[in-house]
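Q: If you want the building blocks of each chain, they are given just below.
Protein chains: 2
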Amino acid sequence: MTEQQITSLLEQLHQGDRRALARCISLVENDSEGSDSILRQIHPRKEIPVIGITGPPGAGKSTLVSALAGWISEHQKLNVAILAVDPTSPFTKGSLLGDRLRMTEHFNNPGIFIRSLATRGALGGLSAKTIEITDLLKAAGFDMILIETVGVGQSEIEIASLADTTVVVFVPESGDEIQTIKSGIMEIADLFVVNKSDREGADKLVRSLQTTLHERPYSGWTIPVLKTVAFSGVGIEELFNQINQHIQVSGKQSTHKEELLYQRALRVASQQLLKKQRFENFKAELIEASALPGFNLYRFIAEKIS
Amino acid sequence: MTEQQITSLLEQLHQGDRRALARCISLVENDSEGSDSILRQIHPRKEIPVIGITGPPGAGKSTLVSALAGWISEHQKLNVAILAVDPTSPFTKGSLLGDRLRMTEHFNNPGIFIRSLATRGALGGLSAKTIEITDLLKAAGFDMILIETVGVGQSEIEIASLADTTVVVFVPESGDEIQTIKSGIMEIADLFVVNKSDREGADKLVRSLQTTLHERPYSGWTIPVLKTVAFSGVGIEELFNQINQHIQVSGKQSTHKEELLYQRALRVASQQLLKKQRFENFKAELIEASALPGFNLYRFIAEKIS
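So the sequence lines, in the order shown, correspond to chains A and B. All residue numbers for the first sequence refer to this note's numbering, where the first residue is 1 and numbers rise by one. All residue numbers for the second sequence refer to this note's numbering, where the first residue is 1001 and numbers rise by one.
Among the hints, a few may not be true.
[What the hints assert, rightly or not] DSSO-like mimics (lysine-lysine), calculated; alpha carbons at most 27 Å apart, straight line:
| no. | chain 1 | residue 1 | chain 2 | residue 2 |
| --- | --- | --- | --- | --- |
| 1 | B | K1275 | A | K257 |
| 2 | A | K275 | A | K304 |
| 3 | B | K1304 | A | K138 |
| 4 | A | K283 | B | K1275 |
What the hints contain is simulated information worked out from the structure, not anything from laboratory work.
Please model the complete structure; the sequences and the hints are all you need to start from.
A: Take a look at the structure:
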C-alpha cells in the first residue's frame, strides 16, 4: 500500500465507513503491510466506553451481547460495535466460542457492527490484536464497544485490562463452581449477570454472589447482581442502565484508567518488539540449536536479540 | 552478586542442593541481579517430564497433586517438584489458589519440593517466570515436575505449552458446564480426571467426557478418563501409570515437542526484549503523553523502542 492509499483509507475510517473499517481490521489482524502505519495514524476517541462481557462457556454470552446491542441500537439510537474474541488453542485452531448465528439478526442493522477475532493462543491470547482492533473501532465513530470473551482464568483478567466495565455472566447451574471461588473472577467483575434466570437456582445464585461481594478497589461502586433472560430480552434495559452508571462512576477514577492504559501499552510494546526482531527463521534455528549438547534457551535468546 | 558467587550457587544447584535452588528461584522470581546470568548457565535436563494439572476452581487440584507427589515419592522413590502457579489479578493481588495447607504433610519429606509462584497477571500470566523456574527445577535433579494451575481459559492453554502431559481435573458437579464446551479445554487435555468421584454424578460425567472425546492430534494416544478420590488416595496409582504411559507415547512425537519449545522460546524472548528496553519511567511518560491532544499509543511505543 502507498502512503496515499493509507491516507485515503484512514480518512474513510474516521468518517465511519464500514468497508474501510473492515479492511483496516483485516490488515491489522493479519499484520499486513500498512497495518503499523494505520495504527500510528488513527485517532481513537478516548471517551468511548469499552464493555467486556465474559464468563464460563454455556452462560449465553453471545445471546446476551446480541440482545444488549439490539436494545442499545433501538432505544438509545447509539452505534454499537461487537467484537467477539475467540481464544483459539495454539495447537488445533479450535474454537471455544460457539456459532455466531444468534447474531445474524443484526446483519442488516446499520447501527450494529459485528466482528469476530480469533486470537492465536500463544504470546498472550487477547493481547495486542484485541487492543489494536478496539482502537480501530474507537476511531471509527462507534458510541459503545462490546467485547465478548470466554473463559474463567487468564483471558478474563486480560479483558479487565482492556474494558472500562467488565460484566461477568453466569447461569443458575454455575452455583456450585462459584461458591469455591474466593477471588480472581470476583475481583475483575464490575457487574454480575445471572443469565437464563428463569431456570431453577437463579435466586439462590444471586444471593450467593451478593454475600461474597465486597466493594471494588475504587470507591463509590457496589457491584450489582442482575438477572436476565437474554433470549427473550428480560433484564436487558436494567443491564444497560447499570453499565451506564458504572461508566459514569469509573470515568472519575483516573488511577484505574491509567493502570488500564499502562497494561495495554505493555502488551503492545511487547508485540512491537517481537515484530521488530523479525523472527522468521527463529523456529528453525531454535530447533537446530536445541539438538546440540549444552543447549541453553536463555543464552540462545540473549544472543538472538542482542 | 559476583560471577564467583553465581558459579558457586550454580554448582550447588546442579548438585541438587535445595537451599541453592530456593535461592535461585527467588532471584529469578524477583528479576534480581544475577538472575539472567544464572538462567544462561544452567543445564536443565531435557528429558525430565513436566506434568501440568489444571481445571476449574474447587476441583481439588491441590489435594490431587499432593496425593500424586506422595505416591510417587513413596512407591517410585522419585524426587518430585511441585510448582503451584497462582494467576494473581493485576489489580488487587488476590489469589485464585486456596490455601496450600493441604500440602504441609510433605514439608518434611526430602523427596518432595514445593513452591508456589504468584504470577502477576499482566504480560501473559504463566509465561516467562513459570518457564524459567521450571528450567531451574529441571537443572536441580528432580525426576518429575508437577505444575498446578487454575482456570478454564488462557492459563490452561498456556500450561499446555509448557507441560509434556496435561491433566484436566473436574468434579462430578462440573457436568453441566462441560457439556457445553465443544473444544478448547477438551483439546489441551492428555488425561481427564474426575476427582471427588465418590460423589453423585461421577459416572455420568465420565461417560459424558468419553463420548465427547476424540483422539489427540498426535497418533497413538486415546485420552483416558480416570476417577479419583484424592483425599483418600483412590485412583492415584492408576493416574501415575497413565501419566507414565503418556510420557512414553508423547516422547516419540518430536513435532509436538518442537512446538512446545517454540512456544516457550517466544514467551522468553518477549520477556527479555521488554527487560532490555528498561521500562522504569515508561509508565510515567506514557501517562503524561496520553494527556496531550493527538496522543497515539502506537506512535508513542514505536518512538520508545526504536
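Q: Check each numbered hint from earlier against the structure, then list the numbers of those it violates in ascending order.
A: none
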